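Starting from the structure of chain B, add chain W where the hints point.
2 protein chains.
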Amino acid sequence: MTRSRQLHLGAFMRPVSLHTGAWRFPGAAPDANFNFALIKRFAQRLEAARFDAFFMADHLAVLNMPIDTLKRSHTVTSFEPMTLLSALAAVTERLGLIATSSTTFDEPYHVARRFASLDHLSGGRAGWNLVTTSNPEAARNFGLDEHVEHGERYHRAREFYDVVTGLWDSWADDAFVRDVERGVYFEPEKLHVLDHKGEHLSVRGPLNIARPVQGWPVVVQAGSSEAGRQLAAETADAVFTAQPNLAEGKRFYADVKARLEPLGRARDHLKILPGAFVVVGSSLDEAQHKRAELDRYVHYDSGIASLSIALGHDVSHLDPDGPLPEIPESNASRSARQRVVDWAREEGLTVRQLAQRIGGYSGLEMVGTPVSIADQMEQWLVEEGSDGFNVMFPFLPGGLDDFVDQVVPELQRRGIFRREYEGSTLREHLGLPRPANRFFAA
Amino acid sequence: MTRSRQLHLGAFMRPVSLHTGAWRFPGAAPDANFNFALIKRFAQRLEAARFDAFFMADHLAVLNMPIDTLKRSHTVTSFEPMTLLSALAAVTERLGLIATSSTTFDEPYHVARRFASLDHLSGGRAGWNLVTTSNPEAARNFGLDEHVEHGERYHRAREFYDVVTGLWDSWADDAFVRDVERGVYFEPEKLHVLDHKGEHLSVRGPLNIARPVQGWPVVVQAGSSEAGRQLAAETADAVFTAQPNLAEGKRFYADVKARLEPLGRARDHLKILPGAFVVVGSSLDEAQHKRAELDRYVHYDSGIASLSIALGHDVSHLDPDGPLPEIPESNASRSARQRVVDWAREEGLTVRQLAQRIGGYSGLEMVGTPVSIADQMEQWLVEEGSDGFNVMFPFLPGGLDDFVDQVVPELQRRGIFRREYEGSTLREHLGLPRPANRFFAA
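So the protein sequences, as listed, match chains B and W.
Per the numbering used here, the first sequence starts with residue 5, numbered consecutively.
Per the numbering used here, the second sequence starts with residue 5, numbered consecutively.
So here's chain B without its partners, still in its complex pose:
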């Protein structure tokens, strides 16, 4: 008997919530950003529920918003991901630990070394979310006035990846013999000096840390552009996507998976994991009410600004309590715009409600009962829209507890999510091979 394909679940975490108003929700923890005791509890609950990974969201700047919007945002202060995940490594046993790190504003030697260190500290549970960073506010924190151009960023990212993985291969897996008798700590022929000199980077090596437990930490990417998809197909172990519905999810899935074979990669060796904002209720009504309650905490100023962006028109002059009028076509993404308009029509939302919905969280959502959410997840899996999800909890700790206590058991009952970890590394959880060392035969 073949086992059904299995869902992979990451928890995409901002310790307060991804939802901009959630910190005000009754029972939420507005200070979770600086409450390591709470985050530790979250991670341990995710591990008890057999999640693949804890995935820490990140930015290299305070987000660029007008101060009157910014002052309402809990995103302005957060633990730095590598330090946070290292601390979590010490208080968990199996949970994967994925951090974002930029190829535009960091050095490959630092990045290779830190992820190798996290991988050793955690016994093989590290993941690197490779981002090229498009935020101009970040550029200004790193001595650049203008942001680096998109194509240039991708070229550097590709070279950066080659250097980082090359540094991870500095030592053969069995280099460190620690032979007390002979006084030989490592075998010299098992050390490789990279000596990389490329277009963007010049890095000698070797890395001053043994090859990671996983060979290479898991490499995650998030780009959806043509260049991003191709970079992912060439280099990623997992893609964190933002397709807003199953139809778009299936198109993305088919496109990226089709890029693998020509590159000599197995279809199963790149996992596609869209983000999903999951709100659980005991009935559909209750879940929808919970989502609406959350949105009520989004300040109108923040919401209307987000709505204007989504529609491609300034709609701040509209009556907040009236319905959304006809809005002319614009430069905004047509599918995103249509989705907003459809929401307003189908649910009879006022401009205020719509603004708060968009301002709260506007990506893929699953709002319903444990059974209906499991149905949706199973459908994405069976119809090849994804290999699992990066789950976003609407508020912490309640939203996490709802998912872990109610949705996970339903997925397990259906045989599409593990009841026990079978391996100990993140690669093993995700069903990914351990990369061979390019400089040394196994």
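Keep in mind that the hints were calculated from the coordinates and are not lab data.
There could be a bad hint or two in this list.
Copies of one chain are not kept apart here, so a pair can be met inside one copy or by any two copies together.
[Claimed, not checked] Restricting the straight-line Cα-Cα distance to at most 20 Å, the calculated cross-link-like pairs of lysine to aspartate or glutamate (EDC-like) are:
{"#": "1", "residue 1": "K44", "residue 2": "E97"}
{"#": "2", "residue 1": "K261", "residue 2": "D35"}
{"#": "3", "residue 1": "K194", "residue 2": "D35"}
{"#": "4", "residue 1": "K201", "residue 2": "E141"}
{"#": "5", "residue 1": "K194", "residue 2": "E432"}
{"#": "6", "residue 1": "K294", "residue 2": "E185"}
{"#": "7", "residue 1": "K201", "residue 2": "D149"}
{"#": "8", "residue 1": "K254", "residue 2": "E141"}
{"#": "9", "residue 1": "K194", "residue 2": "D72"}
{"#": "10", "residue 1": "K201", "residue 2": "E333"}
{"#": "11", "residue 1": "K294", "residue 2": "D409"}
{"#": "12", "residue 1": "K44", "residue 2": "D199"}
{"#": "13", "residue 1": "K254", "residue 2": "E297"}
Computed from a prediction, not measured in an experiment: that's the story for all the values here.
For chain W alone, coordinates are given in the frame of chain B:
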């Protein structure tokens, strides 16, 4: 009654040992570099003994040695300090956590953010050992063929320090009100945008993390040059020095402390902590025998290379088992050279024994009984050679256990080392004030 001046004790750690041959010593843990369980035990023992801090040694490269020497060195592979100390933060409660970070090969936004994060994760126990990095091997790992010139490095370091501390002051201590009712997460007037544009650095800010628990993490420096001393007097909370004996220690202490008053700084607010390699025995003979045994594990090739450097002459042709002949004057530091020659004469060492002594560890050492070591430490304290020590254990875990079990109780009995922590932050352990925020009155 005034209490005696108190010793401050840091543990300057390479998880195997600072001594190059110690990994071969019976009972040593040659794999401690990659054994987090062991390092965690070390940290917890240090905390139980009320040490001020765990100080992680670091380099940004595999050290530049001939491969036949390098292959005998346990320094080639080590955890990265920020990830290691973050993991230790999760399994300790009071112990300070000091990591080295370079101003030459890193970005101030990253450095400010990571140390702030470690400070929040640990409840105010982070320390930044600010180094300018003079290792040319490191330069080549960061895209530079030539090493940055000394004066240039110090100018950048000074500006880097200003930017990092400026970023730490991005938010007033009471900026985050998290007012659920009003929907205000922080008070906008309590946010400062640094907008630094200097000779070497351009950094906008603000930092995307709240002001550290300690205001600023403790800043440690190690430079002994004129520029290094001045930078320390202007900016450091503690200096990690390498004076090889009490006479030189007193000169350094007097020099650096005298620089404080003209800068408007209190004499007590800069702690001077030399490194001390401590070997404990139940008799002087036993301790010296232990040191000699350790040195026996230093490979002759490594030792003779170190001895040649110390003497300023290639002495590799000498009979290893003969005495040290007269060696002409050279460019080597006279005091270091004289010390080596004195050792050979006073202890009747052969060339081999001398080479292994120098190759093993050649800085300040305290080799003796718990009482004689406590005598030495007390003398340094009373005669103003130091405010304490960065203790280096000859081998782990035995050397650490000896110090904790035998020397610490003797220091406590004399009333010059704490029996309990009185505060919870590293600043409190060191008796240092919490810096005011330069942009906001308290």
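Failing hints, ascending?
-> 2, 5, 8, 10, 12 and 13
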